[in-house]
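For reference, the chains in residue letters:
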Amino acid sequence: MLDALLQGILLGGYYAILAAGLSLMFGVVRFINLAHGDLAILGAYLVLLVVEVLGLSPWLALAVAVPAMALLGWVLQATLFARTAKGGFLLPLLTTFGLGAVLQNGLYGLFGSDTKSLGNHIGNLSWASWQLPFGISVGQLPVITFCVAVAVLGVLQLVLSFSRLGRAIRATSSDPEAAELSGIDAQSVHRAAAAIAFALAGLAGAFLAMRAQINPYAGPAQLIFAFEAVVIGGIGSLWGTLIGGIVLGVAQSLGATVSAQGFQLAGHLVFLIVLGARLYRARGHRQGRWYNLFRLPVLPSRRAGATTSQAISEGRS
Amino acid sequence: MITSILDRLNRRHRITAILAMGGLVALALLPALAGGLVIDKLTTLFIYILLAVMWNLLAGYAGLVSVGQQAFFGLGGYFALRLVEAGMPPYLALVAGAMGSAVVAVPISTYALRLKGGEFAIAMWVIAEALRIVVMFDPLVQGETGTSLLALNALDPDLRRNLTYWLGLGSLALMLAATIWLLRGRFGAAIQAIRDDEEAASSIGINVMRIKQLTFVLAAFGCALAGTIWLASAITFLPRTNFGVQWTVFMLFMVLVGGLRTFEGPILGAIVFFLMQELFGDLGVWYLAGLGVIAIGFALLLPDGLWGIWRKRTGIDLVPVGKTFRNPPSEGLAPDSRPAS
Amino acid sequence: MLDVKNLVAGHGLLTAVRDVDFSIGTGEVLGIIGANGAGKTTLFRTLAGVHPAHSGSILLDGRDVTALSASRRVAQGIAMVPEGRRLFVDMSVRENLLVAGENGRKGGWTLTSVLDALPSLKPLLGVATGGLSGGQRQAVAIGRALMSNPKVLLLDEVSLGLSPVAIEGLYEQLAGLRQRGDTAMIVVEQDLDRAMEFSDRVLCMLEGRIVLEGQPRALGRQAITEAYFGLKSAEVAHA
Numbered sequence: 001m002l003d004a005l006l007q008g009i010l011l012g013g014y015y016a017i018l019a020a021g022l023s024l025m026f027g028v029v030r031f032i033n034l035a036h037g038d039l040a041i042l043g044a045y046l047v048l049l050v051v052e053v054l055g056l057s058p059w060l061a062l063a064v065a066v067p068a069m070a071l072l073g074w075v076l077q078a079t080l081f082a083r084t085a086k087g088g089f090l091l092p093l094l095t096t097f098g099l100g101a102v103l104q105n106g107l108y109g110l111f112g113s114d115t116k117s118l119g120n121h122i123g124n125l126s127w128a129s130w131q132l133p134f135g136i137s138v139g140q141l142p143v144i145t146f147c148v149a150v151a152v153l154g155v156l157q158l159v160l161s162f163s164r165l166g167r168a169i170r171a172t173s174s175d176p177e178a179a180e181l182s183g184i185d186a187q188s189v190h191r192a193a194a195a196i197a198f199a200l201a202g203l204a205g206a207f208l209a210m211r212a213q214i215n216p217y218a219g220p221a222q223l224i225f226a227f228e229a230v231v232i233g234g235i236g237s238l239w240g241t242l243i244g245g246i247v248l249g250v251a252q253s254l255g256a257t258v259s260a261q262g263f264q265l266a267g268h269l270v271f272l273i274v275l276g277a278r279l280y281r282a283r284g285h286r287q288g289r290w291y292n293l294f295r296l297p298v299l300p301s302r303r304a305g306a307t308t309s310q311a312i313s314e315g316r317s
Numbered sequence: 001m002i003t004s005i006l007d008r009l010n011r012r013h014r015i016t017a018i019l020a021m022g023g024l025v026a027l028a029l030l031p032a033l034a035g036g037l038v039i040d041k042l043t044t045l046f047i048y049i050l051l052a053v054m055w056n057l058l059a060g061y062a063g064l065v066s067v068g069q070q071a072f073f074g075l076g077g078y079f080a081l082r083l084v085e086a087g088m089p090p091y092l093a094l095v096a097g098a099m100g101s102a103v104v105a106v107p108i109s110t111y112a113l114r115l116k117g118g119e120f121a122i123a124m125w126v127i128a129e130a131l132r133i134v135v136m137f138d139p140l141v142q143g144e145t146g147t148s149l150l151a152l153n154a155l156d157p158d159l160r161r162n163l164t165y166w167l168g169l170g171s172l173a174l175m176l177a178a179t180i181w182l183l184r185g186r187f188g189a190a191i192q193a194i195r196d197d198e199e200a201a202s203s204i205g206i207n208v209m210r211i212k213q214l215t216f217v218l219a220a221f222g223c224a225l226a227g228t229i230w231l232a233s234a235i236t237f238l239p240r241t242n243f244g245v246q247w248t249v250f251m252l253f254m255v256l257v258g259g260l261r262t263f264e265g266p267i268l269g270a271i272v273f274f275l276m277q278e279l280f281g282d283l284g285v286w287y288l289a290g291l292g293v294i295a296i297g298f299a300l301l302l303p304d305g306l307w308g309i310w311r312k313r314t315g316i317d318l319v320p321v322g323k324t325f326r327n328p329p330s331e332g333l334a335p336d337s338r339p340a341s
Numbered sequence: 001m002l003d004v005k006n007l008v009a010g011h012g013l014l015t016a017v018r019d020v021d022f023s024i025g026t027g028e029v030l031g032i033i034g035a036n037g038a039g040k041t042t043l044f045r046t047l048a049g050v051h052p053a054h055s056g057s058i059l060l061d062g063r064d065v066t067a068l069s070a071s072r073r074v075a076q077g078i079a080m081v082p083e084g085r086r087l088f089v090d091m092s093v094r095e096n097l098l099v100a101g102e103n104g105r106k107g108g109w110t111l112t113s114v115l116d117a118l119p120s121l122k123p124l125l126g127v128a129t130g131g132l133s134g135g136q137r138q139a140v141a142i143g144r145a146l147m148s149n150p151k152v153l154l155l156d157e158v159s160l161g162l163s164p165v166a167i168e169g170l171y172e173q174l175a176g177l178r179q180r181g182d183t184a185m186i187v188v189e190q191d192l193d194r195a196m197e198f199s200d201r202v203l204c205m206l207e208g209r210i211v212l213e214g215q216p217r218a219l220g221r222q223a224i225t226e227a228y229f230g231l232k233s234a235e236v237a238h239a
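Residue numbers (the working numbering), protein chains in the order written: chain A, 1 to 317; chain B, 1 to 341; chain C, 1 to 239.
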């Protein structure tokens, strides 16, 4: 049980890296990127490619792949995302779905459907563990992932808090128009944010490939976890993403002790409960009767007067 | 000043209505004439159109973007399976299963509809995934392996195909009629008011939650019907397929390619999607990647969708659910120096 | 220095700014008055670049800036203190000022000199702007615009929502700015007396047009009131 708890916390580190990029895109560029999971997988494949073709160690390969992902993010934001962001909420969904489909099937076309892993290339890291007191052991890779996550988030926080780019990013996500009026070119801020987000996705993907097998279609599963971590931790907060990741990881790990499916289900349930609790707190204790859940909806009445008084007496449920 | 010219049932709409009636009758009689393959394909087309229209009702008219409609698609099939297991005749079970889905949609809506925008979309996806896993715990479903609606095999294949076809046709006609009827009335105006500005809508007495709930449950019912018809034509029930997020993705594609917020758009989009599946589906991976490219292309170049462009250019609507505002020709920058007094 | 010619702008089918034509020179203070809905804010937003102009031109030191985005106009020298202030609420006073300073024109206004001109901000540097009073926020908003080193400063209803005491203090600080003589200011102000007292020239807008223009003393209170309410047939009077 304690084992599962620890594992869950460490898993949270991976989720934090993955979710941070998503959160950045959503908070700054106001863009829901449905291809974020697929981008993580792309990053993983990039690292794999560099490792297998150039023979470098995965850590060196990261030094190549992560900047490459950043560049990709910059370019895609400049060409694709910026144009479709004007289309409200839905066009970005369509665009990123399209991007995801292209990525998934492109990767399949290039690499086939065999699962791959970086696990073979990192020595014994994927299974080695440290022994702690009370008979607990922690995997070395998860610990390293967690530490990288904290470090990366820390650097990101420093950039956001103290650098010129960071201030511009915060201003743009706070009030895009006022940022423009202060001389900030929102478009270049978006490009920078996208570059960072893609780089984070790639990094997360590499860590995923180190501890597990990946295949070209593994993106969407990771995407939903990333979304859950972002929402649990609270949209817009960087450290919230870490906490959200940890909560998700712990829930999943504990659920896995119950059954194989429990892993995912526990995560979903925690997500729904956290959202529900937030709603409940925001709304206070009005209309708390449980049987209200089962009231069937009614068509609006034809009489104008009745509609209004009905609405007033029923309140806004 | 802008003068509003409301389009009511003008001649064009009446022609469309008559043609639609005729089409319905013709389609109903089709099994007597056409071969099994045509019937099968048309059933699939009906499913696509139904899904597209339902998603457009939610996203286009009510502004509720749900990435989780597959929840009801799959639930409909699951309830049907369970009911057949309990002894109900299969086609009755299909309809009852869809209704069961709609009932489940009610408590889900009380929760989900309080969420905004992105949270709502993702929460619906999570709910769909959670339901999938719960359904997989049922020994009847056998986990990943899935199961089949074997009772259907007892029927003559032609009869089964035709019954499924008629169920599909009937469901589509019913849901289309219901949607048109709702959108034409006060409900349609209310729902679009909610989409445009929820606070303002509730401040003029619209019961926002009730209307959203009704839309949600209706759309759930439609998706559930589509799911049961799919089950009837495919016979097998695979949780990952029936609860898969690809259904929402298809719905999104169809609606946006056809034209969001228009009534005819999703129908057109469904036809386009269906044709593409038929013509290029065999290309497998490259087809799917191609779909992605087309999606990106539409988002960049044709964001209003095919029908959206048609409507902008010609102002023609086949189905009377919209109200068109036109300006009198003299509107412009006419100097008006008379002060208000 | 700033020349606006035949500017037309609107919202959809509604024309809010009709054929607006005026100029302002360095160090001058131009007051714009008019009832709500007259088009003052739309005019400002079009000048600042956050609202597209339908036709007409805006020339800054002879250079046509009509097609430039808002952030590029800031680089050229137009800065606006928007209606409602629009501060970055989760950022501190210092950060709000820095952001503008880092992304605007370089010039005499630095963090130090802005704080000297607006000393009320000095003790508030580390405070998140979301927690400040109306008057303090207005000072931050003005300071933020100054950090861009504008040639023309647009002040949209800066006294909105402030107590009389705060307004008094605000206009004292603005008077100090005016004395320096290097920045032109265009001030939208609902308080007629204040506008007349503070401006070198006033423009009165009604239904999107300029219906009166001239020096406040020369025009007289009555003429201005009549133009404000549109009580006489509109004529552009120069005095």
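Please keep in mind that the hints were generated in silico from the structure rather than gathered at the bench.
Keep in mind that the hints are not guaranteed to be accurate.
[Claimed, not checked] Covered stretches of chain B (chain A as the covering partner; in silico rule of three or more C-beta atoms under 8 Å from a C-beta of chain A):
(1) 28-38
(2) 113-123
(3) 253-264
(4) 288-296
[What the hints assert, rightly or not] Short, incomplete list of chain C residues facing chain A, as computed with Cβ under 8 Å:
(5) Ala-48
(6) Ser-57
(7) Leu-59
(8) Val-65
(9) Leu-68
(10) Ser-69
(11) Asn-103
(12) Lys-106
(13) Gly-107
(14) Ala-166
Predicted model, so just to flag it, every value in this text is computed and none were measured.
Using N, Cα and C, we set each Cβ at its ideal position, and we do this for glycine too.
For each hint, the structure was consulted:
1. 28-38: violated (count 0)
2. 113-123: holds (count 8)
3. 253-264: holds (count 3)
4. 288-296: holds (count 8)
5. Ala-48: holds, 6 Å
6. Ser-57: violated, 21 Å
7. Leu-59: violated, 20 Å
8. Val-65: At about 14 Å, which exceeds the 8 Å cut-off, the nearest Cβ of chain A leaves the hint on C/Val-65 violated.
9. Leu-68: For C/Leu-68, the interface hint is violated, since the closest Cβ of chain A sits about 11 Å away, which is over 8 Å.
10. Ser-69: holds, 7 Å
11. Asn-103: Holds. Min distance 3 Å.
12. Lys-106: Since chain A brings no Cβ nearer than about 11 Å to C/Lys-106, farther than 8 Å, the hint is violated.
13. Gly-107: violated, 12 Å
14. Ala-166: Nearest chain A Cβ about 21 Å off; hint violated.
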